[in-house]
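Undergrad: Sequence:
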Amino acid sequence: MVQVGEREDWCLGAGSVCVGEAGDLGAVESWVVPSTAAIWKARSRLGVAPLRQLFARVCRPVATPDTQGAFYRDWRLTAIDGTTFDLPDTKANAEAFGRPPRSGRGEQDVGYPQLRMVGLVECGTHAVFDAAIGALRTGEQALARAVLVSLRPGMLLLADRGFYGVDLWRTAAATGADLLRRVRKDLVLPVVEQLSDGSYLTEIFDRSDIHHTRRGVPVRAVEYTIAGHEGVYRLITTILDPDKAPATELAALYAQRWEFESTLDEIKTHLGGSHLVLRSQHPDGAEQELYGFLLVHHAIRHLMHQAARQADQDPDRISFTRSLRVVRRQVTDQAAFSPRPTRPRDQSHPR
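Numbering follows the working numbering, in which position 181 of the sequence shown is assigned residue number 181; successive positions increment by one, without gaps.
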């Protein structure tokens, strides 16, 4: 964890942890700081599975009902989105993950190898509570299916047009979570019933059901415009009752989806540096390192949430950059720690 938390001084930080633990055993004088090569070999022996399991065990939503900005009415606000991470230019990484394609047809792929990640974020705290990692050629919707299992009743999932699909919608809705998703302008949404708040009930159909001969999925549509922007924005939701979530509130709420972009900026820019390129020369190491980044980010965001509650503030009002500096100083100054027991993922998320 220390390696990705402070990339410039990761070896010093790792050494501090080891010294702290050895000190507890009274063996500091005989202990030798491991070399960089020794630490990398230990990482290789460890593999990606323990980091993946640790992420699944400890990374979950952290907001409580009194957390400012984390809920809309009774719903916990969450968002799904995808991104890519650059990798070292090695044959193994290129074969496992692929490279971004050129714009022209028939030309070879260029640039750094990249992996793709789709994640779930708690909007109010920026806590990443699930993530799926795959090759660049793997579509975002395919990776999304792997993380939807972490949705729970009482959540409201925000998503952009790239995650629209009737089958994916059904899968997400089956978790008991509610959904709010932007859709394309050309998607046919027949008006079934006009509602008092300006929204309307409609149905969505499988792409193969061109003539709508089969039963559609009932949804509610919200259409609105934004000053200074052209065109009409269209949202669909599983919340059919306008009294529970008026159209104007849903339109304003959709902007919360951008909290995912802020989360990525914290990981890529502040934790990783101005242009994050994962260090590992091999695919397993790349996944391992990314899970390390996600774990460190979640730990910092958890601490920030605790501080926000104590100060009775919205977590967004606490600086991630300052929090990161405090954590880095604490890690290097007092590295020994005793991790608290955690609950397995299959238990219900806190409300």
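Treat the hints loosely; a few may be bogus.
Distance condition first, Cα-Cα at most 30 Å in a straight line; then the derived DSBU-like pairs of lysine-lysine [said to hold, decoys possible]:
(1) Lys91 with Lys268
(2) Lys41 with Lys268
(3) Lys41 with Lys91
(4) Lys185 with Lys91
No lab work stands behind these hints: they were computed from the structure.
Undergrad: Indicate, hint by hint, whether the structure satisfies it.
TA: Cross-check of the supplied hints:
no.: 1; hint: Lys91 with Lys268; verdict: holds (24 Å)
no.: 2; hint: Lys41 with Lys268; verdict: holds (25 Å)
no.: 3; hint: Lys41 with Lys91; verdict: holds (20 Å)
no.: 4; hint: Lys185 with Lys91; verdict: violated (42 Å)
When held up to the earlier numbered hints, the structure conflicts with hint 4 and nothing else.
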